[in-house]
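Protein chains: 2
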Amino acid sequence: LEVELISIGDEIITGSTIDTNTSYIARKLIEIGLQVTYKSSVGDDIKKMEEAFYHSLKRADIIITTGGLGPTDDDLTKRAIVRVFKRNLVFHEDILENLKKRFAARGIDMPAINQNQALLPQGAAFFPNRIGSAVGIVISEEGKIFISMPGVPGEMKIMTDEELIPYLEANVKREYLKVIMLRTTGIIESALAEKIKPLVKLSESLKLAYLPSYGGVDLRIISRGLSQEMADELAERLADQIRKTIGKYIFAEGDKTLEDAVGQLLIDRNETVAVAESCTAGMLAGKITEVPGSSSYFERGAVAYSNRSKTELLGVPEKIIEGFGAVSMETAEAMADGIRAKSGTDYGVAITGIAGPEGGTRDKPVGTVFIAVSSHKGITSRLFRLSNDRQANRNRAVYAALEMLRRVILEIK
Amino acid sequence: LEVELISIGDEIITGSTIDTNTSYIARKLIEIGLQVTYKSSVGDDIKKMEEAFYHSLKRADIIITTGGLGPTDDDLTKRAIVRVFKRNLVFHEDILENLKKRFAARGIDMPAINQNQALLPQGAAFFPNRIGSAVGIVISEEGKIFISMPGVPGEMKIMTDEELIPYLEANVKREYLKVIMLRTTGIIESALAEKIKPLVKLSESLKLAYLPSYGGVDLRIISRGLSQEMADELAERLADQIRKTIGKYIFAEGDKTLEDAVGQLLIDRNETVAVAESCTAGMLAGKITEVPGSSSYFERGAVAYSNRSKTELLGVPEKIIEGFGAVSMETAEAMADGIRAKSGTDYGVAITGIAGPEGGTRDKPVGTVFIAVSSHKGITSRLFRLSNDRQANRNRAVYAALEMLRRVILEIK
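Order-wise, the sequence lines are chains A and B.
All residue numbers for the first sequence refer to our numbering, where the first residue is 3 and numbers rise by one.
All residue numbers for the second sequence refer to our numbering, where the first residue is 3 and numbers rise by one.
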C-alpha cells in the first residue's frame, strides 16, 4: 500500500510555517504498519492543488491532506476536492449546530464566514473536530481513500489519534512491519556507524537509519516480514546486537525523550532536582517540565542572567565572578552548589556560557559553555565548545546538561 | 521560474524528524524574488530518489535538495545524482585536506568513512561547508540548476546564507515580487478576515494569506508586477489599507517576532524586566532571551514550580497560596509584584496555571492560566482559558504574557 501525505498552504510553500503535521501523521501511521512513501506540499493555489490531488490518486492508495479547510478565502482544499472528485457541496445542519455551540461556549459571536464549514462534498463522511471548527473529510472510492484534515496542529493531532488511526485500522489491510528506535547520546554519527557497520547485514526487509539531532543520534530499525512474528524477530535480532555493542550510549528506546528518561530515573530513586541557568535562561527548566508529572521531582529553577542575580539567587561569591568571570568552571560549580543548597534538592544543575552572537573573547569564544552537576556524590563539571549559532548553542547545552545529570545519577563515567 | 525543494531522508518520510530546512530555504528565496512552487520529500531509497529527481527536472528550473550527503550508508543523494546526471565521481584532494583539518581541530581522529565526502560528480561545482563535513553540490546543465545541500540544519543555514543565495542572485533571472508580512496578535483568524475582506481585491498578482500560530495571526501580502516599482506599489497599497483598519493588532512587520518587538520597546525606554513562572517553567525567560542582546533589559527569572519556591523566591505570602490556591489571580499578582521587587526591574511578569494533563478541577480545569504584569503603573492581570494540550498551553501562555507586557508598556487597553 502506498501512502501519500500532502500538506497545503502558502505558509508551508513559502516557509513561514514549519510543517510539523505530516511528521506527526507519519509517525502514527508507522505504528500501525503503514509507511509513508510520498510527501508533498502545495500552496493555496487551486490549480496546483488539483494537480497534486490527481497525481497522488495515480501513485498512492491512501492520501491524507492537511490544511486549507479554514473559513477564510485562502482555504481552498474543499473546492479542489469538489473538482477532482466531481461532486457537489451539501449542507450539514448538524455540523453548523455544533459550530454555533462552540462559539457560544467561548462567549464569541460566530462570524458568518464560518457557515462555509458546514458544507461537505456529496457522499463524503466526516471526522468530527473536538477542539476546532473545521471537520475532517473522508472520501472512499474505487479502492482509494482520500482524507482531508485541518492544518492547525492541535486539531490535526487529536483528529489523527481519535479518528484517522481507528478509521484506517478498521478499513485498511496493512503490512507486517516492526520499528525499533534506539536513542543514543554522547557519540557522533560517523563513530557510531563505524562500530555498528560490521554487525549489520541490511536488505529490503531490514533497514537501519541514523537520525542525528541536538540530543544525540537515534538509530531506527525497520523490518518487514511475511508475518508479524517474522518482522519482530528480524528487528529484535539486530537491536540486540546493537545494544550489546554500544549499549552505554543508549539512554532510551522508542518515543521516550532524554527528559523523560532522566525524569524516570529521579522518580525511581525518589530524588529531586533544581537548576540554575545563565545562557540557556530557563530552557533547561522548560525542557525538564515538558514531562507531565515533573512537579514530583523538579523543585525550582533560577534564571540568573545578570551577575547580581547570580549572587542574590544562588549565593555565588562576587569574588568568584570577578576572579574567574561569569562564564567559568568555578562560577558553574558555585551556581550548581548554590541552587542545590537553596532548594534542598538532591541534584543541582547549572549552565553558564556564551551563546552569541556577541560576548566572545579570545579565550572564551562564542560557543564556550560550562555545565556543572552538584549532588551528595560531589561536583562534576565540564567545558563544551559548541558553535557560532546562538539558538543551537542553547539547545545543545540543555541536552548536554541533561546527559551529564543522567550520568551522575547512574554513576557512569 | 519554477523552484522545487526536495528534502531527503527516512527520518523525514517517517516523521521522526521535522523538516525545518525547506521552510528556511523558501523564506530566504522569497526575499530574492524566487517563489517555491513544489516541495516534496523522499526517503533513503535510491530508486524513489531517482524518480523524484527526474520528476523535478521535468517540472522545475531550479531544484534544491537537502539531506542524504553524510558519510553513512543511508546517505544516498550523491549516488542518485550520479545516476540521474550520468556522471562519474571524482576525488577532490582539497576537500579531503579540509576535512582532516576540521577533525584535527576538534581533537578527533577522522573516521575513514568520511573519505567518501571528498568525492563529487564530474563537472560539479561545490559549496564549502564551514561548520560540517559535507560540501554542497552544484550542477548547472541545459538551463536547469540542481543543488544539493546537507540536511543538518546548522550547516544548511550557513550554506544557504553564504553560498546558495549569492549564487542564485548572480546566476538566475528573477521575478519582480514584493512580500509584506503584517504580524497581528489578540484577534482570531475569522474575525480578522471579516474586517479585512471588504478592503481587498485579490488577483493572481496580489495575494493575501492568513497564517495563524501560537503568537497570533500573520497576514502575508505577496504581489507581482512588471517592474519592482509596480510590485512594491501594489503590495504597499493593500498593506496601508490593512494598517489603517486593524493597526492596533499589528505588533511588528516582517521577520520581527513578538519577543523582538517587546525587547525593542524596552531598549527604547531604557527599561528592564524580570519574570516569575510556574506552569511555563522557564519558557518565557527562554523566549525573551532568544533575542541577541536581551541581557541589556532582561535581569532574571524565577521558575517557582513548588509552592515553597513561590514563597522563598518571590515572597508570595503563604496565606495567599493557601487561601486562593497556587493557580489564582491573587498568586499571579503576588508573583509579579514579588519578582519586580526582588530584582529591582521596571516590569515583573508572572504566569501560573494548570498546563495539564493532570491537576485540573471543576473550577479550574486544565488550560486555566493567570498572567500578571506589575509595573510602576500598577498591576494588570488576566485569566486565560486555553486547551487540553500541555505543550500548546505552555506556548500560548508565553505569547499571551509577552502580549500583555507589550500592552502595558504601550498603555494600550
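Honestly, I wouldn't trust all of these hints.
Where chains are identical, the list cannot tell them apart; a pair therefore holds if satisfied intra-copy or between any two copies.
Here are the simulated BS3-like pairs of lysine-lysine, each with C-alpha atoms no more than 25 Å apart in a straight line [claimed, not checked]: (1) Lys80 x Lys175; (2) Lys250 x Lys344; (3) Lys209 x Lys197; (4) Lys60 x Lys49; (5) Lys50 x Lys146; (6) Lys50 x Lys197; (7) Lys366 x Lys88; (8) Lys146 x Lys103; (9) Lys415 x Lys250.
To be clear, the hints were calculated from the coordinates, so they are not data collected in a lab.
Verification of the supplied hints:
Taking the shortest Cα distances, Lys80 and Lys175 never come within 25 Å of each other, neither inside one copy (27 Å) nor across copies (35 Å). Within a single copy, Lys250 and Lys344 get their C-alpha atoms no closer than 33 Å, and across copies no closer than 44 Å, so neither meets the 25 Å cut-off. In this homomeric assembly, Lys209 and Lys197 come within 25 Å of each other (Cα to Cα) only inside a single copy, at 17 Å, whereas the closest approach across copies is 53 Å. Taking CA atoms no more than 25 Å apart as the test, Lys60 paired with Lys49 passes in both settings, with 17 Å inside one copy and 18 Å between copies.
In this assembly of identical chains, the alpha carbons of Lys50 and Lys146 lie at most 25 Å apart whether taken from the same copy (21 Å) or from different copies (21 Å). For the homomeric pair Lys50 and Lys197, neither the shortest alpha-carbon distance inside one copy (46 Å) nor that between copies (28 Å) is at most 25 Å. Neither within a single protomer nor between protomers do Lys366 and Lys88 lie at most 25 Å apart by alpha-carbon distance, with minima of 66 Å and 48 Å respectively. For a Cα distance limit of 25 Å, the shortest separation of Lys146 from Lys103 qualifies neither inside one copy, at 34 Å, nor across copies, at 54 Å.
Only within a single protomer do Lys415 and Lys250 lie at most 25 Å apart by alpha-carbon distance; the minimum there is 10 Å, versus 57 Å between protomers.
Hints 1, 2, 6, 7, 8 from the list above are not met by this structure, while the remaining hints are.
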